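There are 2 protein chains.
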Amino acid sequence: MAYGDGQLGLFTDLYELTMAQAYFSQGMYAPATFSLTVRSYPPNRGYLVSAGLDDVLDYLEGLRFGGEAIGYLDSLGIFTADFLDYLGGVRFTGSVRAVPEGRLFFADEPVLEITAPIIEAQLAETYVINQMNLQTSLATKAARCVWAAQGRGIADFASRRTQGSDAAMKMARASYIAGFASTSNVLAASQYGIPPAGTMAHSFISSFPSELDAFRAYARSFPDRTVLLLDTYDTLAGAWNAVAVAKELEAEYPEDKTRRLTAVRLDSGDYAELSRQVRRVLDSEGLDYVKVLVSGGLDEYELEALAGAPIDLFGVGTKAGVSADAPWSDMVYKLACFDGRPVMKLSEGKVSLPGAKQIFRRRSSASGNSEYGGRESGAGAGELSGDIIGLEEEAGPVDAVGLLQEVMIDGARVAPPVAPGELRDRFREEFALLPARFKGLRRPPPFPVSISPRLQRMTAEVREAAVHTNVSGELG
Amino acid sequence: MAYGDGQLGLFTDLYELTMAQAYFSQGMYAPATFSLTVRSYPPNRGYLVSAGLDDVLDYLEGLRFGGEAIGYLDSLGIFTADFLDYLGGVRFTGSVRAVPEGRLFFADEPVLEITAPIIEAQLAETYVINQMNLQTSLATKAARCVWAAQGRGIADFASRRTQGSDAAMKMARASYIAGFASTSNVLAASQYGIPPAGTMAHSFISSFPSELDAFRAYARSFPDRTVLLLDTYDTLAGAWNAVAVAKELEAEYPEDKTRRLTAVRLDSGDYAELSRQVRRVLDSEGLDYVKVLVSGGLDEYELEALAGAPIDLFGVGTKAGVSADAPWSDMVYKLACFDGRPVMKLSEGKVSLPGAKQIFRRRSSASGNSEYGGRESGAGAGELSGDIIGLEEEAGPVDAVGLLQEVMIDGARVAPPVAPGELRDRFREEFALLPARFKGLRRPPPFPVSISPRLQRMTAEVREAAVHTNVSGELG
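So the protein lines, in turn, are chains F and U.
Take the first sequence: its letters are residues 603 to 1078, numbered as in the working numbering.
Take the second sequence: its letters are residues 603 to 1078, numbered as in the working numbering.
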């Protein structure tokens, strides 16, 4: 996000500021811990891919209320002068523990916890959810596409239909982390170090007197990287025009094998049938080196349906870029602890877990079959077998690894940002450890996540105290 | 959008740049006209609300490739030095005709047309679709919510779950244009002149020893604008705590009637039932002036279902902010004319209309019943009766108004931006003219849109020529 200097603080819900005013007036500056969790899986999801942390840390480092922002707040006539003075000097001074980007997490697990003076931690809510919800949703959607593509490369073509320019940038980054090969968005490619990808549009074809003229002009400019779009008028007629251009390149550059038609692209119609027909045309003319790229309306379900088709590459756009079948997740940022006191909410269907937490992840022993085995051999080396949500101060099982890592202390990052390419490697390694049954595209079984006995006890105690204080008096 | 200086040009798909290279190499600088249309309605939509034009014009005025951007493109090794030189000097020099923001448009209608040297017009595609698709989708979704709320006020609470920060800002603006009363996003409120709205979060309640303590602390800070959140522990117990605080305000400020509890908020559970119970509690204590606000999981369908409930205000968030039932529209930017020659694509299911176009809108005569009447009295003064898509150069029916207005000439706006509040008035006036049957939330009938005889003839001719040139030779 790049808003005007000192405007970043205003990207928040008004109630964060009115609550801050009330905390300020009450002299409440004690540390609070907020937990960020997804309360339930979006449809057909059985895992989530952590993404967005880097932007959250950028935001926290840059959080400011400049003079113009304070002036605007003053004009509303609802804040006191001493509070606005205080706000003008606010910096984020807290700490952040988080599941690193590119790692898997599951429903109910805290993907991120912020501990800071309550005003600072509260102000961050809007932006933290906004970015983590978006980027996690997109990375998860993209991971599903990569899984369904079964090794065939995918380019992100979503920028024109993502919900805004920020989402376009984040889609490029999140989908690359989850295994896409490239993005069409040049700004994202340059900022995140992602290979850029691009072909041609229908408009290019129709701006020339004929399709063949257009194909030739493009191949002249890019003899070593031409992908011809076949469906402007008729896909099969287009395939024969592509054959003509491929032959012309062969004739013009008989010795230079890099100057060959790279691929053809199908963008409408029945992809399974058309790809077979086009493949046949290409092969019948000895053009087995020309790849077939398909784009237009694709998502993980379409990719799965095209498993058997002779398609080498996919361009995936709109439906992935807006996570069309699950355009939001039930991600919330809930107070878990204030001034050393664990707290929770009891709202119908929205109960939260109290206390600062940790996620303990286990792997099965590499050779064993037992889903929960591995204890005998220390931390397992096999597949992921289950998670336990416990309290931060718990040691956790001896064979488990704590997932939440300290990434910001006293308002400063503990390490520089990790390059998206490295996050991509991290995701690939971890995803390979998730047993295949949890990766299904439709109603996968829930990954085993349990609550530690200590956290269960604390939850029962906090609930009882909250009911006693706030409910039973009036109702009893 | 606020990217680094000279970076704006890079917010584009790579293929826009490779096509530009090919046009440049071919010496193709002739003017091209692109039409922006929604090819088919998203589910359950029967109208669309134009929004996003202001950002498009900002973008076109600011389109640049700075030194850093050119350096990145050079590093890719696929562009010629003379093309990159040219690109470094590119400015948008064309013209834009558009349906003004806040007005209705319908499927197949060109909501915007850009005419410019083909490279400039082509480069703009990605950002133009990105913004118009998002903002039109959100304004349309919001208009449906306003319609379903039947006069009760709606606040935009979506920022935390919109798809990114850009979408949060645009949701605030688009929903305000469509009739929302306020937004929770403070930055959007300050930038667009929208009333900001906010209450309190569950975390505020749970940071105090008891709910009643929290309510009192908030009312002390904001005696004239307190909205108490009831469901942190138990909604009805919360209602009784709210009664206590309301009575305390009455006792403390007996003469100052502005210092009264403003409202209570329900955020979970069965809203119809709970709102009745809470209303009863309030009324039984003589607190009929305390309003009931409901938030959490609302969209137009929920609002419609709550028509009979004693609810005064709604906070609408996630489902509207991502347009959850229709998170994208089939909006495309298609070449309609190049160098004076009308063109079209014939792709299966994606046929476009050739030529620079105009939309002619008719209204029935105010008193008459005839849907298509009004001709006898000149332009009608009654409800919208039908649109005709024709060619730009057509005069159109005498009783019709041309919707596309010239908003940019030679790269400069013809008028300063219109304030969102004014766009809101414009929308309200026009929406009142749309007959109710087209406003239904489920499968409304299509609004009558026809193609003028001249455009029909031209379409047939262009299609025939395109088939003759590109298809029939190979297939015949």
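Some hints could be false.
Distance windows between CB atoms, simulated [what the hints assert, rightly or not]:
| id | chain 1 | residue 1 | chain 2 | residue 2 | range |
| --- | --- | --- | --- | --- | --- |
| 1 | U | 1027 | F | 1065 | 27 to 35 Å |
| 2 | F | 1012 | U | 909 | 50 to 58 Å |
| 3 | U | 855 | F | 1050 | 52 to 60 Å |
| 4 | F | 1046 | U | 891 | 48 to 56 Å |
| 5 | F | 642 | U | 1070 | 31 to 39 Å |
| 6 | F | 882 | U | 1070 | 55 to 63 Å |
| 7 | F | 941 | U | 663 | 28 to 36 Å |
Keeping only pairs whose Cα atoms sit at most 20 Å apart, straight-line, the calculated DMTMM-like set for lysine to aspartate or glutamate is [to be verified]:
| id | chain 1 | residue 1 | chain 2 | residue 2 |
| --- | --- | --- | --- | --- |
| 8 | U | 952 | F | 1012 |
| 9 | U | 893 | U | 927 |
| 10 | U | 952 | F | 890 |
| 11 | U | 859 | U | 875 |
| 12 | F | 849 | F | 890 |
| 13 | F | 1041 | F | 906 |
| 14 | F | 1041 | F | 1031 |
| 15 | F | 952 | U | 875 |
| 16 | F | 952 | U | 826 |
| 17 | F | 849 | F | 887 |
| 18 | U | 859 | U | 904 |
| 19 | F | 893 | F | 826 |
| 20 | F | 893 | F | 858 |
| 21 | U | 1041 | U | 904 |
| 22 | U | 893 | U | 941 |
| 23 | F | 1041 | F | 887 |
| 24 | F | 952 | U | 904 |
| 25 | U | 952 | F | 872 |
Keep in mind the hints are simulated off the structure, nothing from the lab.
From a predicted model like this one, the values you see are computed outputs, not experimental measurements.
Cβ atoms here follow ideal geometry from the backbone N, Cα and C, with glycine treated the same way.
Against the structure, the hints come out as follows:
1. For the pair residue 1027 (chain U) and residue 1065 (chain F), the supplied restraint of 27 to 35 Å is violated, since their beta-carbon distance comes to about 50 Å.
2. In this structure the hint that residue 1012 (chain F) and residue 909 (chain U) lie 50 to 58 Å apart at CB holds, the actual value being about 52 Å.
3. The given range of 52 to 60 Å is respected by residue 855 (chain U) and residue 1050 (chain F), whose C-beta atoms sit roughly 56 Å from each other.
4. The hinted range of 48 to 56 Å is satisfied by residue 1046 (chain F) and residue 891 (chain U), whose Cβ atoms lie roughly 51 Å apart.
5. Taking 31 to 39 Å as the suggested C-beta distance range, the pair residue 642 (chain F) and residue 1070 (chain U) does not conform, at roughly 57 Å.
6. A hinted range of 55 to 63 Å for the beta carbons of residue 882 (chain F) and residue 1070 (chain U) is inconsistent with their spacing of about 26 Å.
7. The hint said 28 to 36 Å for the Cβ distance between residue 941 (chain F) and residue 663 (chain U), and at roughly 51 Å that hint is violated.
8. Straight-line distance between C-alpha atoms of residue 952 (chain U) and residue 1012 (chain F) comes to about 55 Å, which puts the hinted pair past the 20 Å bound.
9. Distance check on the hinted pair: residue 893 (chain U) and residue 927 (chain U) sit about 30 Å apart at the alpha-carbon level, beyond 20 Å; violated.
10. Taking the CA atoms of residue 952 (chain U) and residue 890 (chain F), the gap is about 29 Å. The hint is violated against a cut of 20 Å.
11. Of the pairs offered as hints, the one joining residue 859 (chain U) and residue 875 (chain U) is violated, with about 30 Å between alpha carbons and a cut-off of 20 Å exceeded.
12. Of the supplied pair hints, the one linking residue 849 (chain F) and residue 890 (chain F) holds, its CA atoms being roughly 12 Å apart against a limit of 20 Å.
13. Taking the CA atoms of residue 1041 (chain F) and residue 906 (chain F), the gap is about 13 Å. The hint holds against a cut of 20 Å.
14. Restraint check for residue 1041 (chain F) and residue 1031 (chain F): the C-alpha separation of about 15 Å stays at or below 20 Å, so the hint holds.
15. The suggested pairing of residue 952 (chain F) with residue 875 (chain U) holds, with an alpha-carbon distance near 18 Å, which does not exceed 20 Å.
16. Restraint check for residue 952 (chain F) and residue 826 (chain U): not satisfied, since their Cα atoms lie roughly 30 Å apart, outside the 20 Å limit.
17. This hinted pair checks out: residue 849 (chain F) and residue 887 (chain F) have alpha carbons roughly 9 Å apart, not beyond 20 Å.
18. For the given pair, residue 859 (chain U) sits about 34 Å from residue 904 (chain U) by alpha-carbon distance, which is inconsistent with the 20 Å threshold.
19. Straight-line distance between C-alpha atoms of residue 893 (chain F) and residue 826 (chain F) comes to about 13 Å, which keeps the hinted pair within the 20 Å bound.
20. Restraint check: the Cα-Cα separation between residue 893 (chain F) and residue 858 (chain F) comes to about 18 Å, which is no more than 20 Å; the hinted pair holds.
21. Of the pairs offered as hints, the one joining residue 1041 (chain U) and residue 904 (chain U) holds, with about 16 Å between alpha carbons and a cut-off of 20 Å not exceeded.
22. Taken as a hint, the residue 893 (chain U) and residue 941 (chain U) pair is broken in the structure, with Cα atoms around 61 Å apart against an allowance of 20 Å.
23. For the proposed pair residue 1041 (chain F) and residue 887 (chain F), the alpha carbon gap of about 40 Å is over 20 Å, so the pair is violated.
24. Between the alpha carbons of residue 952 (chain F) and residue 904 (chain U) the distance comes to roughly 19 Å, so the proposed pair stays at or under 20 Å and holds.
25. Proximity of residue 952 (chain U) to residue 872 (chain F) is assessed by CA-CA distance (about 13 Å); at most 20 Å being required, the pair is judged to hold.
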